[in-house]
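Please build the complete structure, drawing on both the sequences and the hints.
Protein chains: 2
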Amino acid sequence: MAEVKNKQVIFKEYVEGSPKESDMNFTDAASIKLKLPDDEDEASKAVLVKNLYLSCDPVMRILMRKPGDETSAYFTPYAPGSPLSGYGVAKVLDSRNSNFKEGDLVWGTTKWEEYSVITALESLHKIQHTDVPLSYYTGILGMPGMTAYAGFNEVCSPKKGEYVFISAASGAVGQLVGQFAKLLGCYVVGSAGSKEKVDLLKSKLNFDEAFNYKEEHDLNATLKRYFPEGIDIYFENVGGKFLDAVLLNMRVHGRIAVCGMISQYNLDQPEGVTNLMCLVYKRIHMQGFTVRDYFHLYPKYLDYILPCIREGRVVYLEDIAQGLENGPAALVGLFSGRNVGKQVVSVSQF
Amino acid sequence: MAEVKNKQVIFKEYVEGSPKESDMNFTDAASIKLKLPDDEDEASKAVLVKNLYLSCDPVMRILMRKPGDETSAYFTPYAPGSPLSGYGVAKVLDSRNSNFKEGDLVWGTTKWEEYSVITALESLHKIQHTDVPLSYYTGILGMPGMTAYAGFNEVCSPKKGEYVFISAASGAVGQLVGQFAKLLGCYVVGSAGSKEKVDLLKSKLNFDEAFNYKEEHDLNATLKRYFPEGIDIYFENVGGKFLDAVLLNMRVHGRIAVCGMISQYNLDQPEGVTNLMCLVYKRIHMQGFTVRDYFHLYPKYLDYILPCIREGRVVYLEDIAQGLENGPAALVGLFSGRNVGKQVVSVSQF
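Taken in order, these protein sequences are the chains called A and B. 208 is the number that the working numbering gives to position 208 of the first sequence; each next residue is one higher, with no gaps. 263 is the number that the working numbering gives to position 263 of the second sequence; each next residue is one higher, with no gaps.
If you are wondering where the hints come from, they were derived from the structure by calculation, not from laboratory data. Any given hint could be a false lead.
Note that the list lumps identical chains together, so a pair holds whenever it fits in one copy or between two copies.
[Claimed, not checked] Cut-off 27 Å, straight-line C-alpha distance, at most; resulting in silico cross-link-like pairs (DSSO-like, lysine-lysine): (1) K66 <-> K224; (2) K241 <-> K66; (3) K45 <-> K35; (4) K195 <-> K224; (5) K35 <-> K5.
Computed from a prediction, not measured in an experiment: that's the story for all the values here.
What follows is the structure, given as structure tokens:
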């Protein structure tokens with residue numbers, strides 16, 4: 001069978017500081033047969049897919065780090081010279097696995113290229129509902145959605161009427177946590193990095209209040225203004241000085257779900273957090289979590305979220321870059337906050 | 001009725017940096033009638049006690065801070081010119097409260113003086129068991145004992161065979177957490193600040209291992225040596241750089257009970273903790289707690305601990321300073337680690 005070109009985004013070298021487009025290389029040098037080989041062992045349970053949407057996620061910055069630091073025991077870093085990997089939505093072109101057949105739509109871990117052979121099938125979910133945008137399976141119906149759902153409901157133990165603060169609130173996860181909190185009857189404030197995002201939080205995403213952290217020079221005072229009674233629940237996406245200011249404003253028996261700390265990922269040495277004694281004074285429960293521990297709840301989550309989407313009770317903002325060649329810029333933009341909503345890369349039409 | 005002299009330790013002025021003996025004033029200028037007045041409203045439910053033992057506790061440093069910072073909302077600072085207050089063991093000389101009568105032995109919050117009129121009776125417990133040293137009610141049978149019991153069992157969710165690390169391990173709380181963990185079948189390592197303390201941890205307190213942190217220049221490496229498999233449970237008494245090194249050595253789903261951060265109390269600006277992303281990588285549960293939330297468990301704790309004491313399964317190291325006049329030195333010594341075991345001040349013989 002003839003081979004076709006397979007455009008790819010190659011990871012060039014381990015990154016220090018802010019990732020740049022030049023840390024990746026868009027190329028069409030590779031080619032691939034659009035049929036799985038019949039005889040190879042390794043491919044005996046593989047699926048061959050055409051990638052439709054790729055997801056830009058903050059964790060990808062962590063995977064760009066040189067192996068050897070603390071993180072590499074938990075996240076296998078990218079291999080220089082190979083394509084990036086990440087979550088995506090794809091169509092099955094060929095399958096040696098009985099769970100998937102040609103024509104199936106799937107979401108899960110794939111590679112930054114037009115066509116991928118996926119052998120690690122544990123993370124691959126068959127898409128059953130196609131009356132919603134397929135790109136949603138990189139966001140509200142995928143990993144970020146599950147992260148928001150599990151992080152808020154399982155880690156934060158929220159109650160109606162509680163005061164909830166969300167940083168990076170217009171991002172893939174934050175925008176959902178805020179809407180879930182509002183549906184439960186909480187008071188919800190979010191922070192984001194531009195006026196446009198702040199306006200969207202209030203006008204589209206149903207947040208009670210929102211502020212642009214770049215215009216606030218004393219976050220402690222800002223939080224006191226928005227939360228005169230203090231914060232019951234903080235959904236932490238940012239870390240560093242943000243966390244320090246929040247600790248000062250938490251209420252007794254408050255809960256902090258640590259989802260990520262995007263402000264720290266590009267730093268060689270993270271900022272020190274100095275107000276941890278607040279954990280004792282206020283008996284605060286702070287818990288790190290990763291969505292990987294909660295995927296067993298995915299069917300339950302779909303039952304919850306699909307009606308919300310269909311009935312318009314939850315909306316989802318996406319920022320879709322067109323074409324794999326624009327993937328590196330989209331991914332880099334995530335760390336300067338250029339995206340408005342979930343950053344997706346559209347690779348191919350269905 | 002004639003008045004008697006009432007020796008006192010007066011708090012002189014708010015403290016910055018390390019507390020000094022000269023921050024307190026031992027005086028016999030005051031006098032007191034050893035009978036409650038019949039007619040005064042305020043004393044209508046009070047008890048008059050003779051203080052026998054006073055407790056030196058790390059939290060007392062926090063109460064010496066100038067009001068206005070974050071802590072003063074949770075701990076009412078000492079008033080300059082008044083005696084220190086704190087936990088103690090006392091004998092009731094007179095009572096206007098039906099729960100206490102002359103001759104009763106009690107423990108709870110009292111003042112640093114020979115005789116006290118106690119009007120806040122919520123914290124006062126009648127002592128029912130006197131076959132154990134009375135001073136134990138400032139330690140193993142009092143607030144530190146409850147702190148260790150609740151912090152370990154309620155906050156850490158310990159399981160047999162887990163790896164437990166305790167800082168300030170020979171102190172009032174740490175020595176108990178270690179022994180409770182050993183009784184449960186955990187592997188227990190403690191850190192302390194002298195060879196004598198390290199020897200006691202291993203020889204008397206049943207710890208599997210112990211080390212002198214002052215002789216370790218790379219705490220991360222030290223912890224890797226003692227915990228090649230990592231730490232499941234950290235009982236945090238110290239904070240700062242200690243916590244940072246522990247975070248690097250925690251296991252997945254580890255638990256950190258934050259009891260206190262004594263290394264930070266004398267600092268104007270706490271040390272920054274930089275490794276909090278470990279909370280996410282390892283899905284760590286970090287919880288601050290104060291014993292005040294757990295005193296309802298005190299009867300259950302007594303049922304557990306009294307047989308342990310009587311049968312010698314748990315021992316308790318005390319460092320008893322003789323005489324109220326030596327109280328300031330004993331209290332100050334707590335912050336330089338001069339005490340070996342629970343620091344108590346013996347005020348008067350029973």
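Hint check results:
Only between protomers do K66 and K224 lie at most 27 Å apart by alpha-carbon distance; the minimum there is 21 Å, versus 40 Å within a single protomer. Taking the closest pair of Cα atoms, K241 and K66 come within 27 Å of each other both inside a single copy (25 Å) and across two copies (24 Å). Taking the shortest Cα distances, K45 and K35 sit within 27 Å of each other inside one copy (13 Å), while across copies they are farther apart (88 Å). Within a single copy, K195 and K224 get their C-alpha atoms as close as 20 Å, which meets the 27 Å cut-off; across copies the closest is 47 Å, which misses it.
Proximity of K35 to K5 under the C-alpha cut-off of 27 Å is restricted to the intra-copy arrangement: shortest distance 14 Å within a copy versus 98 Å between copies.
Of the hints listed earlier, there is not a single one the structure fails to meet.
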